[in-house]
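**Student:** So the chains spell out like this:
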Amino acid sequence: MDFSPTPERQMVAESLSRLLAEHLDAERRRAIAYVAPWHDPTLWAHLCELGVPALLVPAEQGGFGGAGFDITTAFQPLGAALCTEPMLGHAMALAALVALDAPVSEDMVSGNSRYVLAIGEPDVPYGLDDLETTANRAGDGWQITGRKSVVAGAQSATHVLVAARHGDGGIGLFEVGADAIDLTAYGMVDGGGAAELFFDATAAHAISLEADAALTTALTAGLLALSAEAVGIAERLVDLTQDYLRTRQQFGRPIAKFQALQHRAVEMSLHLEQLRSITVRAAASFGTPDGPRHAAMAKLLVGRRGRLIAEEAIQLHGGIAVTWEAEVAHLAKRLVMIDAQLGDADWQSEMLAEALA
Amino acid sequence: MDFSPTPERQMVAESLSRLLAEHLDAERRRAIAYVAPWHDPTLWAHLCELGVPALLVPAEQGGFGGAGFDITTAFQPLGAALCTEPMLGHAMALAALVALDAPVSEDMVSGNSRYVLAIGEPDVPYGLDDLETTANRAGDGWQITGRKSVVAGAQSATHVLVAARHGDGGIGLFEVGADAIDLTAYGMVDGGGAAELFFDATAAHAISLEADAALTTALTAGLLALSAEAVGIAERLVDLTQDYLRTRQQFGRPIAKFQALQHRAVEMSLHLEQLRSITVRAAASFGTPDGPRHAAMAKLLVGRRGRLIAEEAIQLHGGIAVTWEAEVAHLAKRLVMIDAQLGDADWQSEMLAEALA
Amino acid sequence: MDIRYSDDELAFRTEIKTGLAEIVWPELAAKVRAGSSLEKPEHDRFHAALNARGWLAGHWPTEHGGLGWDPVQRHIFDEELYAADAPRVVPFGLNMLAPVLMAFGSPEQQAYHLPRILSGEDWWCQGYSEPGAGSDLASLRTRAVQEGDSYIVNGQKTWTTLAQHANKIFCLVRTGTEGKPQEGISFLLMDMQAPGVTRRPIRTLDGGFEVNEVFFDNVRVPVADRVGAENAGWTIAKYLLNHERTNISLVGESTHALEQLKAQARQTRRRGQPLIKNPHFAARVIEIEADLEAHRITNLRMLSDAQRKGAPGPEVSMLKITGTRIRQAINDLARRGLGPAAAPFPSEALSGNAALAAPEHANAAARYFNNRKISIYGGSNEIQANILAKHVLDI
Amino acid sequence: MDIRYSDDELAFRTEIKTGLAEIVWPELAAKVRAGSSLEKPEHDRFHAALNARGWLAGHWPTEHGGLGWDPVQRHIFDEELYAADAPRVVPFGLNMLAPVLMAFGSPEQQAYHLPRILSGEDWWCQGYSEPGAGSDLASLRTRAVQEGDSYIVNGQKTWTTLAQHANKIFCLVRTGTEGKPQEGISFLLMDMQAPGVTRRPIRTLDGGFEVNEVFFDNVRVPVADRVGAENAGWTIAKYLLNHERTNISLVGESTHALEQLKAQARQTRRRGQPLIKNPHFAARVIEIEADLEAHRITNLRMLSDAQRKGAPGPEVSMLKITGTRIRQAINDLARRGLGPAAAPFPSEALSGNAALAAPEHANAAARYFNNRKISIYGGSNEIQANILAKHVLDI
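So the sequence lines, in the order shown, correspond to chains Y, D, Z and F. Position one of the first sequence corresponds to residue 29 (the working numbering), numbered consecutively onward. Position one of the second sequence corresponds to residue 29 (the working numbering), numbered consecutively onward. Position one of the third sequence corresponds to residue 8 (the working numbering), numbered consecutively onward. Position one of the fourth sequence corresponds to residue 8 (the working numbering), numbered consecutively onward.
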């Protein structure tokens, strides 16, 4: 048993952290994350040069990674830096294609093309079972009709992979060029961008007509990525809060001297430790039959305990934490809002419960 | 708006507290509550002399009370004293008969007869909907077949009222003499007694064949009584814990000086305040259309916050609280176990949710 | 025990409800429902309409031009404001400064300021908090040094709510440095237009602007504009904090927000049925509903106590803690109920066919984040817990 | 990162599993499942069987007759004990006194006592807590005064687990009153049969007997039976507290208890279906399962750290807090799952046709109440939080 990262992953993580420290300090991040296009194409290019997309792809498909711990290696530093580059959707698109053993283009591995995987819909934000978007044959190709909702990163994607139900009820995966889509882009309360995608007999190319399993793998990859992102954020929040307690003076002494606050700081550490461990568990299981189950557990704890960490970080900082200038505010917002991506805590709990009985 | 008790109820509550202080100190309570018949017939007689059963009956049926605040007036002091006299079952039986406008005997009002209302079954511990015990006509009378489970106070009842399903699917209320029933009596982990009641074509007398509404009223009265009992216990637990924090010395000072414990003591007070208020709410609504809803809310909060009060009382007392000699232990046990009577917090939540949609 | 409203109180409620229906115009109600910030003219128009009926200061004593509402009437008025989708009455002049003037102000100060508060001529804001002195008022550092018949004020205030609309500010300033830190504090009435006063908006974490920093650079304040004696500001501050807390249960606001939440959950569809039928979501709604019902009674019990006994005791700290928790729990659930649709800034283009939720719900995430403040300001919940601990543990 | 067990470790697990299947006899497993107290002969027989294979002291270093298991092996052994419905190994001699003797005892003490611990000839209990000194060991008051080559011991110990079976007790006693309170403490080995030692059982809140008070009235203890130097007991106590905590994650126990809970919830019927299908109950099970899975990894991470770095750090306080919370949450849910059927004392007549639940579940309420102790003893969770606060906040 060995809980240390491999030297290679350690090196990638450190390079990535350095890169982000250089190009995305807190002030710059605020300038990018809340203004269209809600990310920075230059920063995206830097991430690609470093090989972040390639890290998410196995060697057979032209990358140099693709394991669960590769995903966490990338997303934990991205989380700590509150990076809003549209890497999640790209990672999920890659995971779907890899799972289908479908061709992965060089441009996709290098990040020259930016992909996004569009699954959720207004009434079906989570899961695959009740999707309403449909695909119909049209000549040699397909036409997609329906709406995909709050697709993170879609505002700047060059290619969109769409999950849609086709004639015989199965769920297929279809590719559409971004410029063929009626798209409404917007910014998010926690930074970054997303879009509503409206399909009205929009021409598409079928990648697979039996994509259920591959989409489940992509969702698992997404849950793992979000959990790692959450760990990166939660670590920052815990650090900042501990620092603040040590430095902030009230009633003539550092507030870290107040036992009630001490115990609450300890609770935050306990939550964080659970998040770290369950994310390790999910990363180790990625690609095994336990992968989806452990990823769901990770996302469940991220939803529950992540919110508690975020709320306590704000409360223990006091007024300063509810201002736009405070890094802790933006970290807290992102950590809370992660819950609403790809299935919140209650959803994960329901999915896990179905397997319980 | 007036939140003070009427002078009459104030007087009854004080007399009752005095009576219990005289006859049921902590040591004597332990001697009674855990040894067959798990209550004290002499104490029962004293309670009846004071008019506790009569307090639960309206004047029209020969009592001098019967309102929601009469129920709480009786049960809150009974709770504070951890009295295990079988008053709950008697109160519920009375409430059912009153709701049916059925005759209430003088012996019942005086408490010379001890009644119990048997509803719950092994697979149907809560609610009326899925009851499996049946009643069949036999000549002029009826025969009951089935099992009633963990019927508190049944071990010492003289008469049993049984809820059973009859021919056309309705739920009726039937009376059986206690000596006609195959009964296994036992003591409870929180003190007091109960019994399993086995009916095998047991002869019974029909009180009503349409008892659903009356049984709902009886259950509402039971929930209110249990909530008031819980308030009485919770007040004692909060008092004892605050006293303990003020007196107990560790690390050279009273542990009340430790801020982390201070804040937890405050949390206990907040829980208690919620229990007090929701019980007032339920008492005020008893007999109105909102009665069942507010009683369910009260029992819901008793289940959730009562447990937290009990657990914190033990934790803040430390080791001493897990001993048999400690009053706090017995108070905590009873407060926790109240949750499992007549529908626990989850059950109440489900019932309330059904009305929500 | 009779916890029903009296017939008079019920009639009072009907009167208020009917009147508010006439006062609140549709655009105002829509903005309030959507949680949008109001413009100053909207505030002014609403205040003037309330004042025309005497309701703006209904809770003021009659000798000062009020109607002498008791705490229960005031609570009913508050509930009805929310039920009517009316905005909260801006409290700084009416509910905070006015009681201070009535208790500590000179007859001249009362005669001059109280009518101007009612008329809307003066919009007051509150200069209490400073950077570095949030919950710890004794450590405040803004200084006032007497020069002839004026004080010269230097320093900085922060978290000054709606200062962007205000022409006046009441401030706690340090006038003495001897004795205990809280002994050298005075209470000044200041003009926001005076030379040397500047304000800078603080953007809150949700992107909104409602609080400000206010800077004082050699601002001259007539000594006559001090309320109470020099160095007696601590007493006034404590009096005011207590008054500020009387309306802190948030029962009216939470009741209304819970109804909004239920409406939202009935409209939202998940797995082919309304969200309100999801057992987990429903259970959370139910628990809040039960907690709010209990809290409502606690509030009425304490109002009824206050009606009999006069000033509220330390138990009102309970109302603050429980009230803010319930309010925040509703905010949290409203955000969660929307799922991913809570994340977009609704201000940005989510109109027309791209709309993700009804306008009154779409702001759920921003409101959740913004309302993290309510357990921090007005004496943080930790400070309230300290107050309660002193009370219940006799320490 | 590779969080799988190595092949050697998997082989080790198989060996233990197979062996325990041979060692644990059916009546023992049934009693363990039902949570019943064991008689002394049952403990003795089980210990002897483990000792025959060398497993009783598998974690002892080889020079003292152990097998030198590393922390991971020890954890595997612990998990398999629970999986086999085997009782916990009584830890006082084996896991608490033995490491102290190895670290601080004289060669004579080691040579005499360690074999007697293994053989079962001596059953040790722990004399730490005193009335009035629970978490605050520095304030203990049992006194040992030297007289010739003996100490004369007077005082009282409490919470002495299974002292009813013990013939020996190791004690912290006060031998000095100067300096800091913790400086005058010594560590003594005492004979429970010595004149002046009396014990009195403490009944626990669930009605059981497992802890005791032990009284010392002029008990004579040879100075040779002191471990370490006079007044050096505090160092030993801290060392021992640390060792005691290494097994405190309760991962093995909780894993097994969670499986029992699920089995119970599959058997229990509510509203016409198994309780496990109730959304609320299932959600609680799921949350515990996720927490336990995380905690399992935390435990392995810390074991793996300990394997590399030697002694565990203050992070083990995390294992204590989280481990006890998870264990108590399972106890709580098992009790709740039974509903009213949890309330009767199963010892009283709930057999035959009156049975309310399978014997391994029927004790759920008593176990829940009894296990409130686990967040209190061995350094309460509040003490653990203090330790962690020092660590994370550098205070």
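Just so you know, these hints were derived from the structure itself, not from any lab. Keep in mind that a hint or two might mislead.
To be verified - Each computed EDC-like pair below joins lysine to aspartate or glutamate, with the alpha-carbon atoms no more than 20 Å apart:
no. : chain 1 : residue 1 : chain 2 : residue 2
1   : F       : LYS47     : F       : GLU322
2   : F       : LYS38     : F       : GLU237
3   : Z       : LYS397    : D       : ASP267
4   : F       : LYS245    : F       : GLU322
5   : F       : LYS38     : Y       : ASP267
6   : F       : LYS269    : D       : ASP168
7   : D       : LYS285    : F       : ASP85
8   : F       : LYS397    : Y       : GLU382
9   : F       : LYS47     : F       : GLU237
10  : Y       : LYS285    : F       : GLU237
11  : F       : LYS284    : D       : ASP157
12  : Z       : LYS316    : D       : ASP151
13  : F       : LYS24     : F       : GLU70
14  : Z       : LYS269    : Z       : ASP224
15  : F       : LYS397    : Y       : ASP30
16  : Z       : LYS284    : Z       : GLU266
17  : Z       : LYS38     : Z       : GLU115
18  : F       : LYS316    : Y       : ASP30
19  : F       : LYS284    : Y       : GLU382
20  : F       : LYS187    : F       : GLU237
21  : Z       : LYS284    : Y       : ASP267
22  : Z       : LYS284    : D       : ASP151
It should be emphasised that the depicted structure is a prediction, and the values quoted were computed from it without experimental measurement.
**Student:** Keeping to a limit of 20 Å between CA atoms, is the pair of LYS285 of chain Y and GLU237 of chain F held or broken?
**Tutor:** violated, 35 Å
**Student:** LYS47 of chain F and GLU322 of chain F were given as a pair; does the straight-line alpha-carbon distance stay at or below 20 Å?
**Tutor:** The given pair, whose Cα atoms are some 35 Å apart, is violated under the 20 Å limit.
**Student:** Is it true that the CA of LYS284 of chain Z sits at most 20 Å from the CA of ASP151 of chain D?
**Tutor:** Status violated; Cα separation ~25 Å.
**Student:** Against the 20 Å threshold, does the CA-CA distance of LYS397 of chain F and GLU382 of chain Y hold or violate the hint?
**Tutor:** Distance of about 43 Å is beyond 20 Å: violated.
**Student:** Are the Cα positions of LYS316 of chain Z and ASP151 of chain D separated by 20 Å at most?
**Tutor:** Given pair LYS316 of chain Z, ASP151 of chain D is violated - Cα atoms ~52 Å apart, limit 20 Å.
**Student:** Holds or violated: LYS397 of chain F with ASP30 of chain Y, Cα cutoff 20 Å?
**Tutor:** violated, 28 Å
**Student:** What's the verdict on LYS284 of chain F and GLU382 of chain Y, does the C-alpha distance respect the 20 Å limit or exceed it?
**Tutor:** holds, 8 Å
**Student:** Within a Cα-Cα threshold of 20 Å, do LYS47 of chain F and GLU237 of chain F meet the stated pairing?
**Tutor:** Between LYS47 of chain F and GLU237 of chain F the Cα gap is close to 34 Å, so the pair fails against 20 Å, i.e. violated.
**Student:** Can you confirm whether the C-alpha distance between LYS397 of chain Z and ASP267 of chain D stays at or below 20 Å?
**Tutor:** Answer holds: LYS397 of chain Z to ASP267 of chain D is near 15 Å, not above 20 Å.
**Student:** When you check the alpha-carbon spacing of LYS284 of chain Z and ASP267 of chain Y, does it fall within 20 Å?
**Tutor:** violated, 40 Å
**Student:** For the pair supplied as a hint, LYS316 of chain F and ASP30 of chain Y, confirm whether the alpha-carbon distance does not exceed 20 Å.
**Tutor:** Judged against 20 Å, a Cα distance of about 13 Å means the pair holds.
**Student:** Hey, LYS187 of chain F versus GLU237 of chain F, does the alpha-carbon distance stay inside 20 Å?
**Tutor:** holds, 15 Å
In this structure, the hints that do not hold are numbers 1, 2, 5, 6, 7, 8, 9, 10, 12, 13, 14, 15, 17, 21 and 22, in rising order.
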